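Trainee: Quick note, the sequences are listed as chains D and H, same order. Sequential numbering from 13 applies to the first sequence in my numbering. Sequential numbering from 146 applies to the second sequence in my numbering.
Read the hints as simulated data drawn from the structure, not as lab findings. Be aware that one or more of the hints could be misleading.
Claimed, not checked - To give a feel for the contact side, a few chain D residues facing chain H, derived at Cβ under 8 Å:
#	residue
1	Gly57
2	Leu121
3	Ala195
4	Arg198
5	Leu200
6	Leu286
If you're wondering where the values come from, they're calculated on a predicted model, not measured in any experiment. Even for Gly, the Cβ is constructed at its ideal location relative to N, Cα and C.
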Amino acid sequence: MANNANIIEVKHLSYAYGDDQRPALDDVSFDVHAGEWLAIVGHNGSGKSTLAKSLDGLLPFTKGTVTVAGVTLTPETVWEVREKIGMIFQNPDNQFVGATVEDDVAFGLENRQIPRSEMVPRVKAALTEVGMAEFAQREPSSLSGGQKQRVALAGIVAIAPDILILDEATSMLDPQGRQDMLALVRRLRAQQALTVISITHDIDEAAGADRILVIDDGQLIEEAQPAAIFARGERLIDMGLDVPFPVKLQTALKQRGITPPTTYQTMAEMEEWLWQSLSNT
Amino acid sequence: MAIAFEHVTYTYQAGTPMAHTAVEDVSFQVPDHGYLAIIGHTGSGKSTLIQQLNALYKPSAGTIHVDDFTVTPETTNAALKPLRQHVGMVFQFPESQLFEETIRQDIAFGPKNFGMSEADANALADEMLTTVGLDASYADRSPFELSGGQMRRVAIAGVLAMKPQVLVLDEPTAGLDPQGRQAMMELFERLHREQGLTIVLVTHQMEDVAQYAEQVAVMREGKLIKFGTPTDVFADPDWLRANQLDVPRAAQFAQQLRQRGLTWDTLPLTADQLADQIAARWPAKGADHV
């Protein structure tokens, strides 16, 4: 039975692709707390996307257990588990099924046998929520990348799952599109008490998380808050992340003989420290 | 001068009711062995602009010079073949264009098509593989067994095998992880520095513009609205934001300190430039804390 505070519990999860000798996931255990934003990072090929797919029953793991909102994932319960999870993938073109934007958003509701009288207002409300109502009749292929991901999010809003998994969902967007998408997810999370799991190598996306898990070679090698992870400096590159600007600046200053007071500073803390140090001269 | 655009205009479906001018009266110059970044919002005309560099699109009006080549609306297609060898184009997600059975065959395809013998083309392919950071042991493998980042390197090796003097890159790091992005940008920097290639880079990554480019062109609605060094172009962060463009982190940070009263000699664009200016004015007592 799951702890109330944990919406997902993963125990000793292992998975290998085909007859691959090296497991893509190797004895991974962790919990996801209800309502938190958890980022999972790791360089390309580390196993982080395999992990995301395992949680949704998209890959039949060979060993271990996954429990989602008290339900242990098995071939019998996979549909029950999937009702609780919405997923958005990297390439929006691979996840459209509807001929129009509104058909696409309605798809998840149809699958859940929601009556049409309820479906129509829910689709409309979901598209309004993500700012895409005026595109309801458009073909998905005529949209920009950022717009496509907003439609995918509308599909999630319509079915109101407990958990949203973003699998590198912002990596193909331009900087503006990426910021818009993250702002939208943050708003939805606040409104709908969503638990968010984001698989990412975007530093800003990871910085906004409550907790970060680092996956390397299929193993969970680290679990910490963003500030602790970002204090690793240049080693962040090996974790599949970029180095945040304050860390880059700290490194550059240390090379010039200037040592900051703490190992990790946010932009605001760094600004304050430099202002204090430089304005007294 | 490696590249010169003189009043270049490009109109899609000219003379029809669907006519749409994507590039309008654009003029600029890039010196020999230069490194130009082209930035601008999606749909600003960047892609149309670069596809004129090897005359995939001939200008509707105006003249384009690329080293010894000149392209005008009247230039015949027959005259363009040597230009297409001279200007290497790396499109977005170039790995989607790989098709041969082995990596060596894929890289050698272009040179053979341009008349090189099989043996010479294969030797060149192995050399190019090393240039892009994959050793020769990859040559006999299928390109489709590789990771996304490795496949992109193979595609770039195929472009380099044509021995271009100008390399045009359309968002070459899109979809790569930070490690892959950095390695890719360092590869282009090496080609620029060691082999003197002229680089034209279309990107949304302002940190890359700040770090690598020597000149920056800003496009909006088909027009060139700013052209200069990165220092010139990033000097006015408010103007950039009004044009929906990002400002490099170091410049943002320096601007915030400026608002509190610190002045900078020139606006720093990278962490190193910022650290240089901070170190130059760091109080001597700071050394006691080290």
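Trainee: Each of the hints needs a verdict: does it hold here or not?
Mentor: Structure-based check of each hint:
{"no.": "1", "hint": "Gly57", "in the structure": "6 Å, holds"}
{"no.": "2", "hint": "Leu121", "in the structure": "31 Å, violated"}
{"no.": "3", "hint": "Ala195", "in the structure": "15 Å, violated"}
{"no.": "4", "hint": "Arg198", "in the structure": "20 Å, violated"}
{"no.": "5", "hint": "Leu200", "in the structure": "24 Å, violated"}
{"no.": "6", "hint": "Leu286", "in the structure": "6 Å, holds"}
Of the numbered hints stated above, those contradicted by the structure are hints 2, 3, 4, 5, listed in ascending order.
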